[in-house]
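Generate the whole structure from the sequences, applying the supplied hints.
By numbering that gives the first Met the number 0, the letter at position 238 of the sequence shown is numbered 237, and the numbering carries on one by one without gaps.
Think of the hints as simulated: they come from the structure by calculation, not from any bench.
Be aware that one or more of the hints could be misleading.
[As the list claims (entries may be wrong)] What follows is a list of derived Cβ distance ranges for each label pair:
hint, residue 1, residue 2, range
1, A155, A324, 45 to 51 Å
2, G193, N223, 21 to 27 Å
3, I344, P151, 39 to 45 Å
Only a predicted model underlies this, so the values are computations on that prediction, with no experimental measurement involved.
Even glycine gets a Cβ: it sits at the ideal position worked out from N, Cα and C.
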Amino acid sequence: MVTSRLMFSAAARPLGLQLGRQLRFCAAEAPAKKPRIVVAVGGNALVRRGERLTIENQLKAARDDAAPVLKKLMETCELIFTHGNGPQVGELALERSAATFDVLGAESQGQIGYIFSQALASVDVTAVAMLTQVEVDPQDEAFKNPTKFVGPVYGAMEANALSQSLGWTTKPDGEYFRRVVASPWPKKILQIDGVRALLAVQKPNGPLPIVCGGGGVPVTRMGNTGTYEGLEAVIDKDRCGALLARELEADGYIILTDGGGIWENFGKPNAREMHQASTSYLKGTKAGAKFPGSMGPKVEAAIDFVENSKNPNAWAALGDLRDAADIVAKKAGTFITREVKGEVIWYNREGCPPADRVPRSP
0 MVTSRLMFSA
10 AARPLGLQLG
20 RQLRFCAAEA
30 PAKKPRIVVA
40 VGGNALVRRG
50 ERLTIENQLK
60 AARDDAAPVL
70 KKLMETCELI
80 FTHGNGPQVG
90 ELALERSAAT
100 FDVLGAESQG
110 QIGYIFSQAL
120 ASVDVTAVAM
130 LTQVEVDPQD
140 EAFKNPTKFV
150 GPVYGAMEAN
160 ALSQSLGWTT
170 KPDGEYFRRV
180 VASPWPKKIL
190 QIDGVRALLA
200 VQKPNGPLPI
210 VCGGGGVPVT
220 RMGNTGTYEG
230 LEAVIDKDRC
240 GALLARELEA
250 DGYIILTDGG
260 GIWENFGKPN
270 AREMHQASTS
280 YLKGTKAGAK
290 FPGSMGPKVE
300 AAIDFVENSK
310 NPNAWAALGD
320 LRDAADIVAK
330 KAGTFITREV
340 KGEVIWYNRE
350 GCPPADRVPR
360 SP
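Set out below in structure tokens:
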């Protein structure tokens, strides 16, 4: 019996050492957790300057510009994709003027989701375009004073006739009139659990969730029934993207444009681009008042995500679609965090951005 125990002990020692080495090896080789990033692009990403808004042109733009960028990001990041729908929903509104904007928003989600899904398939990435409803407060102040311009311009008489016949609210936009709808703040993304389920099985070739297109379909809960009803409104897609990133506890939120990062004194001889900026610095510049065109709401959405995230190291970034990978590496665009030494760091260059990267009007 003694011999037996001695033989067992002698055999067990190398086995234990071997298992220990294997466990240490496995721990050393365990892959690092990928950063979770929400990426948002505008509806204009599918519209090249000077081209008509056809499905063929949009599909080509998605294949050439967006798909390769998203594929590259998925190699190193856990990715969620959201998009705008301005040009597309405006065209749908022209074709179906009697339709409410919640229905038009849902239609545009399907259309644009299909285009991006097809484009991503061309680079061997599986995408899942999810029709997303977003709860808003029906008492939001935005419903009392709609200000979000949608669709084409009209003369005064035509605008008045449309208001009378279709119940639209129209307001002056320069010399003409345009339809306006409310743009309430998003409160809750109803399909968020579905997004989490997709992320749980995501690999570099998918599935890539495409969600909250155009800011999602605005809905509100009806009494105690648990059912939801759509509202005549448009949610800002960058605000919704910030909510999406917070609910998913993302590490980063990237808003891709066709004009680079955040510029101070844009369009002037002393214009310069921010490399890194703190949220307090950006709030001090009164975002929306000093940033041109649609840049103000994008900056506000970036600040909203960073400051309200549960992750103290959360970051947001704004930059050009073509530079997405470099933005993640802090080599391009403007990187926004809660704290930055000196509040702001500038790129070591001055002057206006190249002509092909000047931001468009919303």
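Now the hints, each set against the structure:
Checked against the given bound of 45 to 51 Å, the beta carbons of A155 and A324, roughly 49 Å apart, stay inside it. Checked against the given bound of 21 to 27 Å, the beta carbons of G193 and N223, roughly 24 Å apart, stay inside it. For I344 paired with P151, a C-beta distance near 42 Å keeps the hint of 39 to 45 Å intact.
Of the numbered hints listed earlier, not one is contradicted by the structure.
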